Amino acid sequence: MVMLFSRFMKDEKGATAIEYGLIAALVAVAIIGALTQLEDGLSALFNGIGTRLTQEAGNAAAGG
Numbered sequence: 070m071v072m073l074f075s076r077f078m079k080d081e082k083g084a085t086a087i088e089y090g091l092i093a094a095l096v097a098v099a100i101i102g103a104l105t106q107l108e109d110g111l112s113a114l115f116n117g118i119g120t121r122l123t124q125e126a127g128n129a130a131a132g133g
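Numbered by the working numbering, the letters in the sequence shown go through residues 70 to 133 in order.
Don't take every hint at face value.
Said to hold, decoys possible - Cβ-Cβ distance ranges computed for the label pairs, FRET-style:
| hint | residue 1 | residue 2 | range |
| --- | --- | --- | --- |
| 1 | A93 | M72 | 29 to 37 Å |
| 2 | A126 | T105 | 26 to 34 Å |
| 3 | A131 | L91 | 53 to 61 Å |
| 4 | K82 | A103 | 30 to 38 Å |
| 5 | I118 | L91 | 49 to 57 Å |
| 6 | D109 | D80 | 47 to 55 Å |
| 7 | D109 | T85 | 33 to 41 Å |
In short, the hints are calculated from the structure, not lab data. Given the structure is predicted, the values throughout are model-derived calculations rather than measurements. No residue lacks a Cβ here, since even glycine has one placed at the ideal position from N, Cα and C.
Go ahead and model the full structure; you've got the sequences and the hints to work with.
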């Protein structure tokens, strides 16, 4: 049993794939966290742009 456990601990097959998977997961968590923090600011920015475009379209339609 000890020999089996020893062989298992020395076996590194697939370790690189697992490491890359963990790195990818950490990057995904970081991106999601950053987007969550930026959500309110971006929403306000795009709402402001939409409001301004609507106002300008109304002015153009009114001949001004």
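If any of the earlier hints don't hold here, list their numbers in rising order.
Those not satisfied come down to hint 5.
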